[in-house]
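Can you build the whole structure from these sequences, using the hints too?
Each protein sequence line maps, in turn, to chains A and B.
All residue numbers for the first sequence refer to our numbering, where the first residue is 1 and numbers rise by one.
All residue numbers for the second sequence refer to our numbering, where the first residue is 1 and numbers rise by one.
The hints are simulated quantities; they were obtained by calculation from the structure and are not laboratory data.
Incorrect hints may have been included.
What the hints assert, rightly or not - Dumping the calculated DSSO-like pairs for lysine-lysine here, alpha-carbon to alpha-carbon at most 30 Å:
no. : chain 1 : residue 1 : chain 2 : residue 2
1   : A       : 9         : B       : 109
2   : B       : 68        : B       : 109
3   : B       : 49        : B       : 109
4   : B       : 101       : B       : 49
5   : B       : 49        : A       : 57
6   : A       : 9         : A       : 57
7   : B       : 68        : B       : 49
8   : B       : 49        : A       : 9
9   : A       : 57        : B       : 101
10  : B       : 61        : B       : 109
11  : B       : 61        : A       : 9
12  : B       : 61        : B       : 101
13  : A       : 9         : B       : 101
14  : B       : 109       : A       : 57
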Amino acid sequence: DSGVTQTPKHLITATGQRVTLRCSPRSGDLSVYWYQQSLDQGLQFLIQYYNGEERAKGNILERFSAQQFPDLHSELNLSSLELGDSALYFCASTRTGTNTEAFFGQGTRLTVV
Amino acid sequence: AQSVTQPDIHITVSEGASLELRCNYSYGATPYLFWYVQSPGQGLQLLLKYFSGDTLVQGIKGFEAEFKRSQSSFNLRKPSVHWSDAAEYFCAVGNSGGYQKVTFGTGTKLQVIP
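In structure tokens:
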């Protein structure tokens with residue numbers, strides 16, 4: 001158990017809909033990272049938050065957004081969903097914003113139909 | 001730009017046999033290198049990492065990896081594979097600037113046969 005909790009584990013939704021994925025980092029970790037894992041793209045970094053502030057952006061679509069709350073949990077919002085958004089979405093956390101050992105959650109499998 | 005290549009998409013080994021998973025990286029300076037394992041339905045778990053020092057790194061579950069700067073490689077090895085090692089393995093490269101700068105390879109899926 002990595003200590004990182006993601007909910008829900010599975011999500012099935014229709015095209016055009018909006019979903020919210022939730023991540024609780026390990027106790028004491030200030031930084032949260034979101035990744036998308038798909039068969040054709042591999043593991044892609046989406047966005048990082050550190051202590052409530054956006055720290056870095058990767059290959060995140062404009063239809064996607066995220067935030068980190070005062071209790072340090074984070075949410076990833078995906079809107080106007082397309083079939084191609086079907087993937088595993090992982091959250092990872094680190095103690096600081098520059099620490100390079102990350103702990104991953106079990107992921108949320110999103111299926112868009 | 002940094003990159004990681006895992007040339008083997010899929011590898012099958014017999015239980016008890018030795019294992020070597022290949023990883024080649026491209027990076028301008030001394031890299032931070034990682035190996036992660038992902039079991040079915042699970043998140044990524046760190047097996048080992050190299051930042052500096054001894055180029056032979058020991059990790060969890062009996063795995064080791066060797067950093068070879070001249071070959072830009074960081075291959076993962078295990079002397080005797082167990083059925084529970086069947087999983088997908090990811091090599092990754094980064095630097096001291098934080099995890100957002102870590103680039104993952106596309107993974108090698110390991111199948112273990114009796």
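Now the hints, each set against the structure:
1. A/9 - B/109: It holds: about 22 Å lies between the C-alpha atoms, which stays within 30 Å.
2. B/68 - B/109: OK: residue 68 of chain B and residue 109 of chain B at ~23 Å, within 30 Å.
3. B/49 - B/109: Distance of about 20 Å is within 30 Å: holds.
4. B/101 - B/49: Holds, because 15 Å separates the two Cα atoms, which is no more than 30 Å.
5. B/49 - A/57: The given pair, whose Cα atoms are some 24 Å apart, holds under the 30 Å limit.
6. A/9 - A/57: holds (24 Å)
7. B/68 - B/49: Holds. Residue 68 of chain B to residue 49 of chain B sits at ~14 Å (cutoff 30 Å).
8. B/49 - A/9: holds (28 Å)
9. A/57 - B/101: holds (10 Å)
10. B/61 - B/109: holds (17 Å)
11. B/61 - A/9: Given that 30 Å is the threshold and the Cα spacing comes to 26 Å, the pair holds.
12. B/61 - B/101: holds (26 Å)
13. A/9 - B/101: The hint holds at about 26 Å.
14. B/109 - A/57: Holds - the C-alpha atoms of residue 57 of chain A and residue 109 of chain B are around 29 Å apart, at most 30 Å.
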